[in-house]
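Asker: Residues per chain are reported as follows:
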Amino acid sequence: MAAARRVVVTGLGIVSPVGVGIKHAWQTLVEGGSGIRSLVAERPGAGYDQLPSQVAGIVPRSSSQELGTFDTKALLMPGDANRMAGFTQYAMCAAQEALADAGWTAPTDEQRERTGVCFGTGIGSLDDITANHDQFRAGGLRKISPMFVPKILCNMAAGNIGIRYGFYGPNHAVSTACTTGAHAIGDATRFIQYGDADVMLAGASECSLQPLALAGFSKIKALALGFNDRPQQASRPFDKDRAGFVIGEGSGALVLEELEHAKARGAPIYAEVRGYGLSGDGFHITAPPADGAGAQRAMRSAIRSARISTAEISYINAHATSTPLGDQIENSAIKSVFAPAGNLSPADLPAVSSTKSATGHLLGAAGAVEAIFTVLAIKNNIAPPTLNLDSIDAESGFDLNYVPHKAQQRTINAALTNSFGFGGTNASLIFAKL
Amino acid sequence: MFRLASFRIAAAIRTAAPRPAVSLVKQRLAMPSMMTRWYSAGGALTRDTIKERIFQVLQDFDKVNQEKLSDVADFNKDLGLDSLDTVEVVMAIEEEFSVEIPDDEADKITTVKEAIDYITHREDAH
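These protein sequences, in sequence, are chains A and B.
Take the first sequence: its position 359, counted from the start at 1, is 359 in UniProt numbering, and no numbers get skipped.
Take the second sequence: its position 106, counted from the start at 1, is 106 in UniProt numbering, and no numbers get skipped.
Treat the hints with care, as some may be off.
As the list claims (entries may be wrong) - A few chain A residues facing chain B, derived, Cβ under 10 Å:
#: 1; residue: Ala-74
#: 2; residue: Met-77
#: 3; residue: Pro-78
#: 4; residue: Gly-79
#: 5; residue: Arg-83
#: 6; residue: Ala-106
#: 7; residue: Arg-112
#: 8; residue: Glu-113
#: 9; residue: Lys-143
#: 10; residue: Pro-146
#: 11; residue: Met-147
Claimed, not checked - From chain A, some residues computed to sit far from chain B (all C-beta separations above 12 Å):
#: 12; residue: Glu-66
#: 13; residue: Thr-72
#: 14; residue: Lys-73
#: 15; residue: Asp-80
#: 16; residue: Ala-81
#: 17; residue: Ser-145
#: 18; residue: Phe-148
#: 19; residue: Asp-187
#: 20; residue: Tyr-194
#: 21; residue: Thr-286
#: 22; residue: Asn-401
#: 23; residue: Gln-408
Bear in mind the hints are in silico, worked out from the structure with no lab data behind them.
In this text, a Cβ means the ideal position worked out from N, Cα and C, and glycines have one as well.
Make a model of the complete structure from these sequences and hints.
Answerer: Next up, the structure:
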């Protein structure tokens, strides 16, 4: 078999709680800013005060094109807001930035045929489902919007991106809970390697800060409790006082491109997608197995496909959502993979941080925005911080460098990012300098 | 339409009302339509009033090419609306004039003129 086609990242776009736009979001993240705020304060009267966890990573909005904010009038075309659910709107915005960043417009029909989209969402549009349900109960069929179905389908971010830009290549949408974003990027990479396309717009989006969603996650006892009066401290991965995840929203988009294609047109290259590994826990709908075997398999598989040694990986953007069990299991899985004999000192192991401390958990979009942060960590040689890591729980095995509070400047030639989702679905991606 | 839709949603969330929520457009235009009723003879709306209110419905629809808005505009060819948008426009007109338009009648409304004609012939429109 011929050598696999190499895939590089040539464009990035983001809508996130730490800001809209790559430059703004990365700067906020590196400076230790947080996008986690009170839902009760931001959306009074919406019913959040009835819920136990009232904090979320919220995309900042404005109607005046304020820097770093989401402004539907400025970022969408007329009519988009009516035809597209929230997750698709975020996706359109992230995709637009990524394509502009990559300078890729696919002007010819041939280029369009060689350009595809892999864009997923974890939940879809609860807003439109509940609103139409209410309309249906109140007024019957007459009150159902013809946009209902075209808004809620999970592939509509991918569909609308393909329609807006006229991309004729593969149009794909994965929905694997909180692993969606990582799968979208990994699968898009494989499409390019396999020859289905030369350029793929890959990513994921989530817009589910609905009271109903929070109610559901509350019943699983997954959300952070006890931080309603101090939202920015609610997401505290690896910390002794971590008490659950903070729900978030947003979208991340990456332009992935076959290496020679990118070089031929002089595209800017951020990093190479070196490795992709997938696994299933085969265990439980919401809980990982205690030994993190599924997480280990995903990481090992990514490392194998990257043909890289663990010593070359100097940064890990962990899935770590700030739940008591999940963080601990991922931590021990990382140590099992990177120091199997237990003979390496923490200084020899990669720095591990969780940017969810600043953004909250973007569910389906998490893997996409965290892939972006991982790519930027490599590009800028900066490990973004884990906020709120005030007391490290060393007794539970947390003895690595978790980049507490402040970003760290360090040479990062290769980095790994993890995503784990309900249903026991795991993926790891490895990016590296070219 | 976005505003209309969002208000419907907001209203639906606010109350578990057994009846459809009152639309924003209707609230905003309550005054002129009442005046019309006072000045016209048998409770029927004047063609000018109908036209004005249908224009308002279309002006609230973000996707409508406003430059092409006229009393003979074709929803698709002139205003840039597709079949799904047209269904929404007709739903908004139903709500604006508090009438139910049967599907087979609704399918025939494809231009501003047809919408005005239809409402003009509906004596229960108000």
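Asker: Now tell me if each hint is right for this structure.
Answerer: Tested hints:
1. Residue-level restraint check for A/Ala-74 is violated (minimum Cβ-Cβ distance to chain B is 14 Å; threshold 10 Å).
2. At about 8 Å, the closest approach between the beta carbon of A/Met-77 and any beta carbon in chain B falls short of 10 Å, and the interface hint on this residue holds.
3. Interface hint at A/Pro-78: satisfied, since its Cβ lies 5 Å from the closest Cβ of chain B, which is below the 10 Å cut-off.
4. A hinted interface residue such as A/Gly-79 counts as satisfied when its beta carbon comes closer than 10 Å to some beta carbon of chain B; here the least separation is about 3 Å, so the hint holds.
5. Look at A/Arg-83: its Cβ gets to within about 8 Å of chain B, closer than 10 Å, so that hint holds up.
6. Of the supplied interface hints, the one on A/Ala-106 is violated, with its beta-carbon coming no nearer than about 24 Å to a beta-carbon of chain B, more than 10 Å.
7. Because the smallest distance between the Cβ of A/Arg-112 and any Cβ of chain B comes to about 22 Å, over 10 Å, the interface hint for this residue is violated.
8. With a least beta-carbon distance of about 25 Å to chain B, the hint placing A/Glu-113 at the interface is violated under the 10 Å criterion.
9. Below 10 Å, beta-carbon pairs count as interface contacts, and A/Lys-143 has one with chain B at about 6 Å; its hint therefore holds.
10. Because the smallest distance between the Cβ of A/Pro-146 and any Cβ of chain B comes to about 4 Å, under 10 Å, the interface hint for this residue holds.
11. This hint holds: A/Met-147 has a C-beta 6 Å from the nearest C-beta of chain B, less than the 10 Å allowed.
12. Distance check on A/Glu-66: its Cβ is at least 20 Å (rounded) from any Cβ of chain B, clearing the 12 Å threshold; non-interface status holds.
13. For A/Thr-72, the shortest C-beta to C-beta distance to chain B comes to about 8 Å, within the 12 Å cut-off, and the non-interface label is violated.
14. Distance check on A/Lys-73: its Cβ comes as close as 9 Å (rounded) to a Cβ of chain B, failing to clear the 12 Å threshold; non-interface status is violated.
15. Remark: the non-interface label on A/Asp-80 conflicts with the geometry, its nearest Cβ contact in chain B lying 8 Å away (cut-off 12 Å).
16. A Cβ of chain B approaches the Cβ of A/Ala-81 within 12 Å, the least distance being about 5 Å, so the stated non-interface status is violated.
17. The Cβ of A/Ser-145 does not lie farther than 12 Å from every Cβ of chain B; its closest approach is about 6 Å, which violates its non-interface assignment.
18. The claim that A/Phe-148 lies off the interface is violated: its Cβ sits roughly 10 Å from the closest Cβ of chain B, which falls inside the 12 Å cut-off.
19. Non-interface status of A/Asp-187 relative to chain B is upheld: no Cβ of that chain comes within 12 Å, the nearest being about 30 Å off.
20. Distance check on A/Tyr-194: its Cβ is at least 35 Å (rounded) from any Cβ of chain B, clearing the 12 Å threshold; non-interface status holds.
21. The Cβ of A/Thr-286 lies farther than 12 Å from every Cβ of chain B, with a closest approach of about 28 Å, so its non-interface assignment holds.
22. Residue-level check passed: A/Asn-401 sits 46 Å from the nearest beta carbon of chain B, beyond 12 Å.
23. Here A/Gln-408 stays apart from chain B, with its beta-carbon at least about 44 Å from theirs, past the 12 Å limit.
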